[in-house]
Amino acid sequence: MSAIVLPGTTVPAQHVNLKLGPGLIQRTGAGEAGPSIISSRAGTLNHSSNGSKWWVESNSRRYVPAPQESVIGVIAQKVGDGFRVDIGSAHSASLDGLAFESATKRNKPNLKIGCLVYARVSLAHKDMEPELECFDAQTRKSEGFGEVKGGFLVRCSLKMCRDLLDPKHFLLPLLGARFPLEAAVGMNGRVWVNAKEPKQIIAISRCIEAVDPDNGGADEAGVKALLGALDV
Amino acid sequence: MSRLQGRQPHELRPIKISFDGLARVDGSARFSFGPISALSSVSGPIEVRLASENASQATLEVLVRPLSNVPATEAKALAATVRALLTPSLLLASNPRSLVQIVAQALVSSKKANANAVTAAVVNASSLALLNAGSVPMRGVVCAVAVGRRKGDGGALVVDPDEGHGVLDAEGCFAFMFTRDGSDTQAQCVWTNWKQGSGDESVLSAARELAGRAADDVYAAIHTSVEGIGQAEPTIVLSKARSEETAMEAIVDNEESDDKMEI
Chain A
207 MSAIVLPGTT VPAQHVNLKL GPGLIQRTGA GEAGPSIISS RAGTLNHSSN GSKWWVESNS
267 RRYVPAPQES VIGVIAQKVG DGFRVDIGSA HSASLDGLAF ESATKRNKPN LKIGCLVYAR
327 VSLAHKDMEP ELECFDAQTR KSEGFGEVKG GFLVRCSLKM CRDLLDPKHF LLPLLGARFP
387 LEAAVGMNGR VWVNAKEPKQ IIAISRCIEA VDPDNGGADE AGVKALLGAL DV
Chain B
7 MSRLQGRQPH ELRPIKISFD GLARVDGSAR FSFGPISALS SVSGPIEVRL ASENASQATL
67 EVLVRPLSNV PATEAKALAA TVRALLTPSL LLASNPRSLV QIVAQALVSS KKANANAVTA
127 AVVNASSLAL LNAGSVPMRG VVCAVAVGRR KGDGGALVVD PDEGHGVLDA EGCFAFMFTR
187 DGSDTQAQCV WTNWKQGSGD ESVLSAAREL AGRAADDVYA AIHTSVEGIG QAEPTIVLSK
247 ARSEETAMEA IVDNEESDDK MEI
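As given, the protein sequences belong to chains A and B, one line each in that order. When we follow this note's numbering, the leftmost residue of the first sequence carries the number 207, and every step to the right adds one. When we follow this note's numbering, the leftmost residue of the second sequence carries the number 7, and every step to the right adds one.
Extracted from the complex, chain A is given alone in its bound form:
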């Protein structure tokens, strides 16, 4: 069931273990029939099959940090023991120098300004600046987080990033079948890609822009036509 909702629309979400996802807020109904759930953004209203999880699916270009999300950041500054990282949100995030796998006080990573890091948001509260970590919290191993070298950073909308992270989406397997590539998808609207030849990197970047829902959302046939035109 997906209906278009505008902000201020009351949502009939009722469940014993109700969980509200992005785009829904609970208004305390003073003097009325009690608290009501209203949508806070424009998009399609979705819910899980048993009605316990509700959310509003929409697209936007501006990232608002949320905990446990993987993001791609650009080192902006070295401060004391750590770094200030630009993740595209209103505030810069802080990345501690010791928040890397096998980092000790004597063995800190030497990141330069302008380096790209793939990190996980460990703390995202509206009143504090976000904090990043470059390892998995349980295993304390890097699990792919850390500095990413080489390659190219592509900017896209937030829905595109969520689609790229979906294993059932067609784009990355389609490109991967043509040439070997590496990609790190950040939830903050940034995707790092790397391939052997610059031509292939440009092709990946153009395909991501074409499939982006903000630019029309090309489908598989459109991407194949584009790749044919790019001669890759």
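Among these hints, one or two may not hold up.
Claimed, not checked - Covered stretches of chain B, going by a simulated chain A footprint (3 or more residues, C-beta under 8 Å):
{"#": "1", "stretch": "12-25"}
{"#": "2", "stretch": "185-197"}
As the list claims (entries may be wrong) - A short list of chain B residues far from chain A (calculated; beta carbon distances all over 10 Å):
{"#": "3", "residue": "E53"}
{"#": "4", "residue": "N101"}
{"#": "5", "residue": "G170"}
These aren't lab readings, by the way, just hints derived from the structure by calculation. Backbone N, C-alpha and C define an ideal beta-carbon position, used for all residues, glycine too.
Mind docking chain B on chain A? Use the hints.
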């Protein structure tokens, strides 16, 4: 009652909405009542200057650019107005110490006769840009319409006046915040600049009620346009006015209007 283009008193000029997809901002939209058009863009929540930082909520900044010249007093007054009437609809407390910046561009030169229509178009375009951006939580959608009272015709109230200079003796713009519960739409008047030379409060109440009904049409147009928000080409939503003549004159992108053109 003879209005231009044979419009009824409660009828708006054809509404055109498109989401422009401006490159460097988070959301943008264009709204027009007939030829009165405004373009608005939203960026936020973004980094804020330390001087305008607010520890408990986001700072809302509105800039209005007239069609020609640098922003002068009228533009700054309009910006302060738009800021005041959009604030109740935004949940600014979700993003403290950040900035939500709205830049509105009037696409017609602002004359005294169409000042209220331009205000309404700017407000509607800003609401649409906020819906397009999707990054600032909102608790309702603000829609605005202009209303005027004609000198003759026993002081009849008309919506979206394009009567020209000297025909109206009272006019103003009304803004409503819309929320919806099921199929029931609630509108709450959040702002007006109604000015009348003579008459009592009943004129204001009547004007507000008429504006509320017209604002319903604006809200319905906005709802329709949101469905086409992600398309590559700007989606043009036309609110077909009730009279056929207006439908024929309106610029079209739907196939069915071609039949009407042949009449």
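Each hint, compared with the structure:
1. 12-25: With 0 residues in contact (Cβ-Cβ under 8 Å with chain A), the coverage given for the stretch 12-25 of chain B is violated.
2. 185-197: Result for this restraint: holds, n = 4.
3. E53: 6 Å, violated
4. N101: Its Cβ does come within 10 Å of chain A, the nearest being 6 Å, so this is violated.
5. G170: 35 Å, holds
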